[in-house]
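*Asks:* Numbering (the numbering used here), first residue to last: 653 to 798.
A couple of the hints might just be wrong.
[Claimed, not checked] Label-pair restraints from in silico Cβ distances: (1) Asn752 / His710: 13 to 23 angstroms; (2) Arg796 / Leu712: 18 to 28 angstroms; (3) Val776 / Asp746: 12 to 22 angstroms.
Hints were generated in silico from the structure; no laboratory data involved. In this text, a Cβ means the ideal position worked out from N, Cα and C, and glycines have one as well.
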Amino acid sequence: MRKLLKSSLLACFFVMLASGCESDLSNGDLDGMWQLRQIAYADGRTDSCEYTYYIIQHRLIELAWRPEDKRPGQEMTYYVGRFAHIGDSLHVGDFRYYKNEAERVSPDELSRFGLRTDTTHFRVNTLNHSHMTLDAGYALLHFRKF
Numbered sequence: 653m654r655k656l657l658k659s660s661l662l663a664c665f666f667v668m669l670a671s672g673c674e675s676d677l678s679n680g681d682l683d684g685m686w687q688l689r690q691i692a693y694a695d696g697r698t699d700s701c702e703y704t705y706y707i708i709q710h711r712l713i714e715l716a717w718r719p720e721d722k723r724p725g726q727e728m729t730y731y732v733g734r735f736a737h738i739g740d741s742l743h744v745g746d747f748r749y750y751k752n753e754a755e756r757v758s759p760d761e762l763s764r765f766g767l768r769t770d771t772t773h774f775r776v777n778t779l780n781h782s783h784m785t786l787d788a789g790y791a792l793l794h795f796r797k798f
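Using the sequences provided together with the hints, build the complete structure.
*Replies:* Below, the structure is given as structure tokens:
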């Protein structure tokens with residue numbers, strides 16, 4: 653009897669452990685590090701973006717950038733924000749400085765990431781394991797998984 657009780661309790665423990673690990677942490681193909689390759693504006697202009705990244709995990713989005721002429725010891729610049737991926741829409745915003753989360757990032761600093769304001773709504777045109785295209789209305793942002 654004792655052995656049966658012990659086995660039952662152990663089985664219940666493992667069932668609870670397995671179900672407790674389930675969470676909404678995965679965003680599927682959206683999760684990971686994306687290199688922004690090009691911003692194609694509606695007016696025909698394009699910007700190439702060699703050292704510009706979106707890092708997406710759980711409900712946080714990190715924007716990272718470094719100058720092309722990076723010198724030894726020069727760090728990348730990081731901003732942290734929030735996002736929601738609902739259907740074919742991606743909403744990003746509330747960007748703060750990585751080392752000073754009390755201060756919001758200005759729209760001028762976000763422009764290198766294809767963002768015009770602190771809050772931007774994208775339509776997800778393409779999203780798979782290696783490529784992503786986001787449509788902001790004023791521009792198409794082309795990414796590759798890094």
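*Asks:* If a hint holds in the structure, say so; if it doesn't, say that too.
*Replies:* Quick rundown of the hints versus the structure:
Range check, Asn752 to His710: about 22 angstroms between beta-carbon atoms, so the 13 to 23 angstroms window is met. Between Arg796 and Leu712 the beta carbon distance is about 21 angstroms. The supplied range of 18 to 28 angstroms therefore holds. For the pair Val776 and Asp746, the beta carbons lie near 20 angstroms from each other, so the given range of 12 to 22 angstroms is met.
Consistency note: the structure conflicts with none of the earlier hints.
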